[in-house]
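Please take these sequences and the hints and turn them into a complete structure.
Last residue of the sequence shown? That's 237 in the working numbering, and every number before it is there in order.
These aren't lab readings, by the way, just hints derived from the structure by calculation.
Accuracy of the hints is not assured; some may be wrong.
[What the hints assert, rightly or not] Cβ pair distances, simulated, as ranges:
id, residue 1, residue 2, range
1, Arg90, Phe39, 24 to 32 Å
2, Arg90, Glu9, 34 to 42 Å
3, Asp167, Glu35, 49 to 57 Å
4, Gln162, Asp69, 33 to 41 Å
Owing to the predicted nature of the structure, the values given are computational and were not obtained by experimental measurement.
C-beta: ideal position from N, C-alpha, C; glycine also.
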Amino acid sequence: MPESENDNEILKQADQLRLSGEYEKAISLLSELCEKNPFLAPAKLSLGRAYFEYGKLDQAVSVLEEFVDFVPDHGLANKILARIYVHQKRIEEARVKIQIVLAETPQDPVALKLQKEIEMTGFEEVEDDETVKTSTPALTTTMAELYYHQGHVKEARKIYEQLLLHDPQNKDLQEKLRLIQDEVNPSQNLEAQEPQEVIAMQVDYKPQQSEIAHKSNPIELLEMLLARVQERRRSYV
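Written as structure tokens, this is what we have:
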């Protein structure tokens, strides 16, 4: 039997072992095959999959990164790498891998689900890290725009609302949120749309009835509450 045919038989045998859950045997066969023929790309892919399914994530990354050097646009390899990177909190690398997949297959359901998870994970990390809050608007505005252009309007709106918690006076963010809210709820006008921080303020701030009477116009009331927010922020400086 020619050597190439023998390699293919070993590859099939290893894949059957992997599918039946005998990962150690599959990994042993595939490792030997890759060592004998380092340029046999299908063997590298199968070895990376076996490591991933067996829970050996570092080994899976090492093998699959070598594989995508051969086949940069391979959908499955990039999706597995993205999944591992998310688990390892390597969010930017995960995002790059998913963008590669979506450039080839924009409607790939697994890739779209992973993308959503990646963006939300990245956003939560930024929210929790006090040292990078100054960079939050640039990063999350990009996320919001990605969601918006892919048709995920509600997700984009949530990100803009979160951004306004950090910067309620940002006119650009207010305008983008207004446009998105008009699209989600065309009948809702601007007067009904208050930044989330203002809504939160209403929980612990109860103005006097006479004050409310003088501020019956929603715009005036909004401006009054925003002024209170600014006063509170200055008191913390």
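Regarding Arg90 and Glu9, is the given constraint of 34 to 42 Å on their beta-carbon distance met? holds, 37 Å
Is 49 to 57 Å respected by the C-beta to C-beta distance linking Asp167 and Glu35? holds, 55 Å
Is it true that the C-beta distance of Arg90 to Phe39 lies inside 24 to 32 Å, as the hint says? holds, 27 Å
For Gln162 and Asp69, compare the CB-CB distance with the range 33 to 41 Å and indicate the outcome. holds, 38 Å
In this structure, every one of the numbered hints holds.
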